[in-house]
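So the sequence lines, in the order shown, correspond to chains A and B. Heads up: the first sequence begins at 1 in the working numbering, then just goes up one per residue. Heads up: the second sequence begins at 1 in the working numbering, then just goes up one per residue.
Worth flagging that the hints you see were computed from the coordinates, not collected in a lab. Cβ coordinates follow ideal geometry from the N, Cα and C atoms, glycine included. Careful: at least some of the hints might be erroneous.
Unchecked claim - Quick partial rundown of chain A residues pointing at chain B, CB under 7 Å, derived from the structure:
#, residue
1, 14
2, 65
3, 67
4, 71
5, 226
6, 227
7, 228
8, 233
9, 239
Chain residues, written in single-letter form:
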Amino acid sequence: MSKFSGKIFTVAKHEFLKTISRKEFLFMTFIFPIFLAGIIFIPALLVSTASVEDQKIGYTDMTNSFDFPESSSNEGLSVGPVGAKTSTIYFVKYENISEAGNALQAGQISSYLVIPENFLQIGIIELYASGKGVPIPGDELMGELSDIVITSLLKDRVDEPVLNRVKDPVRVKMYNIGEGEKPAEQGLAEVLTNFGLPFLTAFILFFSIFSASGYLLRGIAEEKENRIIEVLLSSTTPSELLTGKIMGLGAAGLMQVAIWLLAISLGSGYALPVKIEPALLFLSLGYFLLGFLFFASMMAGIGAVTVSLQESQQIGGVFTFVAAFPLIFMQLILTKPESPFAVFLSLFPLTSPVAMLARIGASEVPFYQIAASIFILIVSIYGVIVLSSRLFRAYLLMYGKRPGVKVILMNIRAGNM
Amino acid sequence: MHTVEFEGVSKSFAEKDVIRDISFSVKEGEIFGLLGPNGAGKTTLTRLLLDIIKPEIGEIYVFGASLSSAAKDRIGYLPEERGLYRKTKILDILVYLAQLKGIPKKQAQLSAESLLRSLELYEYRSKKVEELSKGMQQKIQFLSAIVHDPELVILDEPFSGLDPMSARTIKDKILELRDTGKTVILSTHMMEQAQTLCDRILMLNKGRRVLYGTVDEIRKEHGKNSLIVEFAEKEGLNVIREISGIKKVTEHEKSAEIFPEEGTNIQILLEELVQRAEILRFERALPSLNEIFIETVESAVNE
Numbered sequence: 001m002s003k004f005s006g007k008i009f010t011v012a013k014h015e016f017l018k019t020i021s022r023k024e025f026l027f028m029t030f031i032f033p034i035f036l037a038g039i040i041f042i043p044a045l046l047v048s049t050a051s052v053e054d055q056k057i058g059y060t061d062m063t064n065s066f067d068f069p070e071s072s073s074n075e076g077l078s079v080g081p082v083g084a085k086t087s088t089i090y091f092v093k094y095e096n097i098s099e100a101g102n103a104l105q106a107g108q109i110s111s112y113l114v115i116p117e118n119f120l121q122i123g124i125i126e127l128y129a130s131g132k133g134v135p136i137p138g139d140e141l142m143g144e145l146s147d148i149v150i151t152s153l154l155k156d157r158v159d160e161p162v163l164n165r166v167k168d169p170v171r172v173k174m175y176n177i178g179e180g181e182k183p184a185e186q187g188l189a190e191v192l193t194n195f196g197l198p199f200l201t202a203f204i205l206f207f208s209i210f211s212a213s214g215y216l217l218r219g220i221a222e223e224k225e226n227r228i229i230e231v232l233l234s235s236t237t238p239s240e241l242l243t244g245k246i247m248g249l250g251a252a253g254l255m256q257v258a259i260w261l262l263a264i265s266l267g268s269g270y271a272l273p274v275k276i277e278p279a280l281l282f283l284s285l286g287y288f289l290l291g292f293l294f295f296a297s298m299m300a301g302i303g304a305v306t307v308s309l310q311e312s313q314q315i316g317g318v319f320t321f322v323a324a325f326p327l328i329f330m331q332l333i334l335t336k337p338e339s340p341f342a343v344f345l346s347l348f349p350l351t352s353p354v355a356m357l358a359r360i361g362a363s364e365v366p367f368y369q370i371a372a373s374i375f376i377l378i379v380s381i382y383g384v385i386v387l388s389s390r391l392f393r394a395y396l397l398m399y400g401k402r403p404g405v406k407v408i409l410m411n412i413r414a415g416n417m
Numbered sequence: 001m002h003t004v005e006f007e008g009v010s011k012s013f014a015e016k017d018v019i020r021d022i023s024f025s026v027k028e029g030e031i032f033g034l035l036g037p038n039g040a041g042k043t044t045l046t047r048l049l050l051d052i053i054k055p056e057i058g059e060i061y062v063f064g065a066s067l068s069s070a071a072k073d074r075i076g077y078l079p080e081e082r083g084l085y086r087k088t089k090i091l092d093i094l095v096y097l098a099q100l101k102g103i104p105k106k107q108a109q110l111s112a113e114s115l116l117r118s119l120e121l122y123e124y125r126s127k128k129v130e131e132l133s134k135g136m137q138q139k140i141q142f143l144s145a146i147v148h149d150p151e152l153v154i155l156d157e158p159f160s161g162l163d164p165m166s167a168r169t170i171k172d173k174i175l176e177l178r179d180t181g182k183t184v185i186l187s188t189h190m191m192e193q194a195q196t197l198c199d200r201i202l203m204l205n206k207g208r209r210v211l212y213g214t215v216d217e218i219r220k221e222h223g224k225n226s227l228i229v230e231f232a233e234k235e236g237l238n239v240i241r242e243i244s245g246i247k248k249v250t251e252h253e254k255s256a257e258i259f260p261e262e263g264t265n266i267q268i269l270l271e272e273l274v275q276r277a278e279i280l281r282f283e284r285a286l287p288s289l290n291e292i293f294i295e296t297v298e299s300a301v302n303e
């Protein structure tokens, strides 16, 4: 190994080890996916487990015109490993309100309903429960009541199919007509693959690129702030230092992305009926590398020009905001992946890694567009590296006062710093 | 052999000259002082020497050749602007910085440990920088400049902010470096220190070379050709008036600065004084570097 690459390797190793031992990095890598999974799955689990309890509900029908069944069963939602559970509502008839009230006090029923005499005019049914708080009827009870009312009002006036359509008016089934293929039905798995997965991958890409290039920015600003940069530059050239830093942090970021993708593929096999295409995985890693190189070089330039950590983060934040556009407009990209705006975002280097990956997940992106986005990204990376290393050389040792925009432009043009 | 040679070097920033046409050389094994007030161009000169910035005009030779990455590895540098990674253990910092100079990790570790022992800091090796006192941090910073056993050590204001005890430790270390054959460049605006430590000096003012040579030569050159006489009694001062060949006298409590007339034999003058009064001290008055510096700068302003 030549001396040149030896120093780059020393810097890269130092940066890699420093980054992966940061508390924030460990948190983002291991706790964040769990947290994310929690946000997605816990509500679903709660819904499916909440409906397993059977309940007894009393009722007093003052109009004497409704037919309540003795019981009604509902199948809960099936989510992941939790199988579908069935819950049952038992209806108990009471002749008057005081009887129902006594039963509620005695704990024989959990609540009771009162259908007032003028129900047909006002459309209100009263629900009584003991204890504090507002008794909120569950989805099952509401659905059942609606069915009871419709059936009781219409059963002798319309025939069975009409009655069923009034109860359950319409459902939509989705099909996708591929080229020369038979229309394929789009179920939950397909919807998740088409929308959930691209979103998740884009999201992951965004976070890993920005946390890794954020560490770079912070590292440079810190080294500048605590002046150790001068000692480092007495041992290495600015480009050795910059290359080493980008390599070390890139490796740390790549490791993070790999861990997240692994967690998703393991998790998705377990909890969601989704499979990740190997090509998508490969492209994700490729776009991570390119996106990271682009942002890391840009952050290095910003870190070199600014005089404090705080200032560098403020300026870096502006670019991060622009880069977050694909996440802000994710719905548009996923539903209209061929729209000019989505195509633009997937070609513009600040947003292309995240936007293109989302488009690839959601639709068939023409090959030339993928090639164009990669080409533009590579050209931009080259430009930013040249620009940043000039700034790096010129401003790394300047403390105290940030140069004006004019002077910076002059130095970039001069190029001989 | 010359360790460092500058030949007609100039450097400007934003069209403002910082260094103008500087030539000098540093001999192997000497302590060379780089002097001048703040803003004279000392730090720029140091950075040029380390290849952190490049000169516009002129040549710089280190160890007899143009600057290379290999030559940089043989130089140790203590910058004026101090700082270390605050949250890193001190042994790790020293090892990392030595590795950046091309020293293998094991060797770097041994060297760092032995240096820490020599300054009685070994027990703190696993402490983070932020846990150490400021004086200790300064010592660690000094060690970081010599951990890779460099042949040339550049120290920019090594004593600034040090308490007297720590300053003495660092001074002893600098002399030890010279005694083991290392070349030391000491950049400072504190003239007294330079006068006692340096073999030769280069004095800069506003980017230009104003003085260059051995400390003794420079002081003799700028001597006002006067003598200091100290008497045992105050009355001794009266004796001076009885002696001929004296142009001017500046009297102090028990001593006086005598300016002899041109052609006066100093030996005879001393004999005459000794016959008339008890003399405690008789010496040639040499200006301090500080006085020479102020005089030089003032005359430059008046020009």
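Now for the hints, and whether the structure bears them out:
1. 14: Result: holds, 6 Å to nearest chain B Cβ.
2. 65: With a closest approach of 77 Å, the residue 65 (chain A) hint is violated.
3. 67: It is violated, given that the least Cβ distance between residue 67 (chain A) and chain B is near 74 Å, above 7 Å.
4. 71: violated, 66 Å
5. 226: holds, 4 Å
6. 227: holds, 3 Å
7. 228: The hint holds - residue 228 (chain A) has a Cβ within 7 Å of chain B, the shortest such distance being about 5 Å.
8. 233: holds, 5 Å
9. 239: Cβ of residue 239 (chain A) sits 12 Å from chain B, so the hint is violated.
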